[in-house]
Amino acid sequence: NRKKKDFAYFIKELVEKDYKEAKMIRLVLDNLNTHFSSSFYETFTNRESKRILSKIEFYYTPKHGSWLNMAEIEINIMERECLSRRIGQEAILKSELNKWLL
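Position 96, counted from 1, in the sequence shown is what this note's numbering calls 202; the numbers after and before it change by one each time, with no gaps.
Keep in mind the hints are simulated off the structure, nothing from the lab. Computed from a predicted structure; not experimentally measured. One thing to keep in mind: the hints can contain errors.
[Stated by the list, open to error] Okay, derived cross-link-like pairs now, SDA-like style, lysine to any residue, Cα gap no bigger than 25 Å in a straight line:
hint, residue 1, residue 2
1, K156, I131
2, K109, V134
3, K118, L189
4, K205, N182
[Said to hold, decoys possible] Estimated spans, in silico, between C-beta atoms of each pair:
hint, residue 1, residue 2, range
5, N204, E148, 41 to 47 Å
6, A128, A177, 24 to 30 Å
7, R157, A197, 27 to 33 Å
8, K123, L199, 39 to 45 Å
9, E148, R191, 37 to 43 Å
10, I131, E196, 21 to 27 Å
11, N204, K109, 38 to 44 Å
12, N182, Y147, 31 to 37 Å
13, S190, M130, 30 to 36 Å
14, K109, M184, 28 to 34 Å
15, S144, E196, 39 to 45 Å
By construction, the Cβ of each residue, glycine as well, lies at the ideal position given by its N, Cα and C atoms.
Work out the full structure: start from the sequences and follow the hints.
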């Protein structure tokens with residue numbers, strides 16, 4: 107149940123807390139109806155929306171990108187088979203990923 111306000115507040119937190127030092131934050135998003143600038147204007151004042159959006163660049167995936175579905179499926183399988191547990195050392199992580207990717 108993703109809502110426009112949830113998206114707007116999430117991005118606001120990215121701008122104000124997580125990446126407050128960044129000059130620009132670039133995000134790749136799908137075309138879900140909440141992932142547009144209108145979500146900000148429906149949630150915040152015009153001034154606040156413009157301030158947040160001035161720090162964000164949105165890049166949208168193609169609407170009919172079936173190849174993206176295949177990539178998402180592959181990443182999900184890799185996460186389940188390889189990354190579903192805590193791996194405490196970088197060398198072990200690299201080794202696990204290399205085994206899966208080969």
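Structure-based check of each hint:
{"no.": "1", "hint": "K156 <-> I131", "result": "holds (14 Å)"}
{"no.": "2", "hint": "K109 <-> V134", "result": "holds (18 Å)"}
{"no.": "3", "hint": "K118 <-> L189", "result": "violated (29 Å)"}
{"no.": "4", "hint": "K205 <-> N182", "result": "holds (16 Å)"}
{"no.": "5", "hint": "N204 <-> E148: 41 to 47 Å", "result": "holds (46 Å)"}
{"no.": "6", "hint": "A128 <-> A177: 24 to 30 Å", "result": "holds (26 Å)"}
{"no.": "7", "hint": "R157 <-> A197: 27 to 33 Å", "result": "violated (43 Å)"}
{"no.": "8", "hint": "K123 <-> L199: 39 to 45 Å", "result": "violated (27 Å)"}
{"no.": "9", "hint": "E148 <-> R191: 37 to 43 Å", "result": "holds (40 Å)"}
{"no.": "10", "hint": "I131 <-> E196: 21 to 27 Å", "result": "holds (26 Å)"}
{"no.": "11", "hint": "N204 <-> K109: 38 to 44 Å", "result": "holds (40 Å)"}
{"no.": "12", "hint": "N182 <-> Y147: 31 to 37 Å", "result": "holds (33 Å)"}
{"no.": "13", "hint": "S190 <-> M130: 30 to 36 Å", "result": "holds (33 Å)"}
{"no.": "14", "hint": "K109 <-> M184: 28 to 34 Å", "result": "holds (30 Å)"}
{"no.": "15", "hint": "S144 <-> E196: 39 to 45 Å", "result": "holds (42 Å)"}
In the structure shown, a violation is registered for the earlier hints numbered 3, 7, 8, in ascending order.
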